[in-house]
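Asker: The lines below spell out each chain.
Number of protein chains: 2
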Amino acid sequence: MHKEDFNNKYKQFVSVIDDALNLLVTESKTPQKTVYSAMRYSLLAGGKRLRPVLMLAVCEMLGGKPEDVVPYACAIEMIHTYSLIHDDLPAMDNDDYRRGRLTNHKVYGEAIAILAGDGLLNLAFETMLMHAQNYGSDLKRHVQAMKIIANASGVEGMIGGQVVDIEAEGRDISSQQLEYLHRHKTGALIKAPILAAAVLCGADETYIKCLESYAEKIGLAFQIKDDILDVEGSFDSMGKSVQKDMKKEKSTFVRLYGLEGAKNILSSIIQEAVNQLDVFGDKADFLSELAYFIAGRQS
Amino acid sequence: MHKEDFNNKYKQFVSVIDDALNLLVTESKTPQKTVYSAMRYSLLAGGKRLRPVLMLAVCEMLGGKPEDVVPYACAIEMIHTYSLIHDDLPAMDNDDYRRGRLTNHKVYGEAIAILAGDGLLNLAFETMLMHAQNYGSDLKRHVQAMKIIANASGVEGMIGGQVVDIEAEGRDISSQQLEYLHRHKTGALIKAPILAAAVLCGADETYIKCLESYAEKIGLAFQIKDDILDVEGSFDSMGKSVQKDMKKEKSTFVRLYGLEGAKNILSSIIQEAVNQLDVFGDKADFLSELAYFIAGRQS
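If you read the sequences in order, they're chains A and B.
The first sequence begins at 1 in our numbering and counts up one residue at a time.
The second sequence begins at 1 in our numbering and counts up one residue at a time.
Mixed in with the good hints, there may be bad ones.
[Stated by the list, open to error] Result set (BS3-like, lysine-lysine): computed pairs, CA atoms no more than 27 Å apart in a straight line: (1) B:LYS65 / B:LYS140; (2) A:LYS106 / B:LYS106; (3) A:LYS65 / B:LYS29; (4) A:LYS147 / B:LYS65; (5) B:LYS3 / A:LYS140; (6) A:LYS140 / B:LYS140; (7) A:LYS65 / A:LYS11; (8) A:LYS147 / B:LYS33; (9) A:LYS29 / B:LYS240; (10) B:LYS29 / A:LYS147; (11) B:LYS48 / B:LYS240; (12) B:LYS65 / B:LYS209; (13) A:LYS147 / B:LYS147; (14) B:LYS3 / B:LYS48; (15) A:LYS65 / B:LYS140; (16) A:LYS48 / A:LYS263; (17) B:LYS140 / A:LYS147; (18) B:LYS106 / B:LYS244; (19) B:LYS147 / A:LYS140; (20) B:LYS147 / A:LYS33; (21) B:LYS65 / B:LYS9.
Quick caveat, the hints were computed from the structure, so don't treat them as lab data.
Computed from a predicted structure; not experimentally measured.
Using the sequences and the hints, build the whole thing.
Answerer: Written as structure tokens, this is what we have:
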């Protein structure tokens with residue numbers, strides 16, 4: 001797939017998601033307007049939308065209808081965004097900037113930022129449930145998809161990873177522990193849209209296994225690249241403070257393997273991820289290119 | 001219904017819920033053990049379990065099977081507990097005590113308390129979805145019940161009420177605004193278990209309308225009593241700081257109508273609530289007694 005075709009396709013997916021998110025969290029004149037405004041501030045801050053893009057791409061590859069998965073894709077982006085808002089809080093990572101703008105609590109205060117995060121997590125489930133109730137015979141699949149997403153964002157998924165991350169600060173951890181941390185903190189919510197899309201589109205076991213393996217590998221690759229960018233990136237390209245992991249003595253792949261070592265691991269994991277897609281032939285071109293995109297991104 | 005029979009029945013319901021919660025959030029040796037411990041600390045702190053008791057009582061009155069609703073009842077208690085953990089945070093109400101013990105962040109620190117709250121909200125949905133997937137033809141009802149609960153805890157429900165509460169601090173608000181605040185902050189999550197149980201048990205429209213009206217009235221009564229207890233209660237009976245609403249100049253029914261005025265309103269609302277149950281005859285004895293219990297409670 002040409003890079004330009006990939007970029008256009010990516011933008012197209014992002015625009016579907018942005019439009020849907022914009023409608024799901026509207027400007028409001030109700031007494032809750034402050035929290036809606038705080039939710040919109042972070043949700044519509046123009047992130048990469050990697051997770052929803054993955055969901056739409058898998059759906060398209062498997063011949064599913066986008067309208068069946070868009071609400072789930074939006075829900076996952078809401079969950080991702082809430083986790084960033086809470087993660088940035090003074091009691092957590094204490095970050096002032098995110099995506100080139102002040103963090104949520106810097107604009108709305110801590111109390112509203114906490115509630116905006118809670119509100120987004122809750123709205124993710126409201127969105128999925130409202131959508132699911134339109135389905136009759138397929139309802140079982142929809143409940144399964146919601147369960148995949150719920151588990152991925154919970155204590156055995158993303159939240160668990162954040163806990164381990166907090167506890168690992170300033171301590172040396174093993175390479176196994178580091179992988180565990182990232183498989184949960186970042187990996188779980190990259191895997192969820194892929195698996196949920198596969199389930200919603202009725203993919204068979206073989207397909208699901210290949211997609212699961214692809215998902216795990218790009219999830220890990222995403223985190224290794226994050227660690228590399230923390231060292232090599234600039235505030236301008238990243239839109240957030242860099243080298244903060246290093247300063248906080250956080251365990252990272254760069255700290256464990258050195259910069260070159262981390263880059264080598266990244267390359268081979270991307271190759272392994274792409275290999276998992278063989279079974280889908282040409283149809284997997286976008287997902288294959290997406291793996292390289294993750295490794296090459298500058299923000 | 002004799003007071004003793006009521007008390008025994010109430011204890012019986014509580015014990016069903018406590019046992020189920022204890023199994024749903026287990027002690028853990030995994031890397032996430034700190035957050036599980038923090039979640040258990042607040043979830044198993046022995047609250048009144050009013051919301052799950054309401055759900056079991058409505059289910060029993062309508063002839064439903066308790067096992068069909070217990071996971072939802074537990075989910076609602078998880079949501080209630082997470083909201084208390086976040087509400088107690090320094091950035092919110094900044095409370096040191098809750099149910100006679102140190103608040104979550106006082107024991108586990110703010111970061112873990114935030115994540116324990118997030119974890120409980122997320123686990124509520126995981127619990128409901130895991131349960132729902134066991135149902136075939138009834139699945140639509142289960143999705144509807146989850147949606148009722150999700151909406152009640154979201155920005156158009158409980159979270160919305162909290163936002164309005166924060167913004168009302170130190171300001172005079174009208175009686176309409178005060179009712180709005182409480183209908184959302186407390187009322188929504190008292191109504192949800194009643195309506196969700198009715199839907200799960202297949203209640204008809206007339207029954208649902210009566211139960212909805214009962215729910216709204218006891219929800220409001222609960223909050224008025226809370227305001228009265230903030231003035232009349234002691235730390236020993238309440239297990240938390242009292243007179244804090246007064247000190248913070250929060251809008252309360254007592255502030256708006258005076259202590260005697262608030263007590264009079266409470267009495268008539270309880271009577272109205274009980275009247276809504278006429279249609280159920282003797283079967284509603286427990287729910288009827290429960291309304292008086294809410295008005296008479298000392299904690």
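Asker: Please list, smallest to largest, the hint numbers that this structure does not respect.
Answerer: 3, 5, 9
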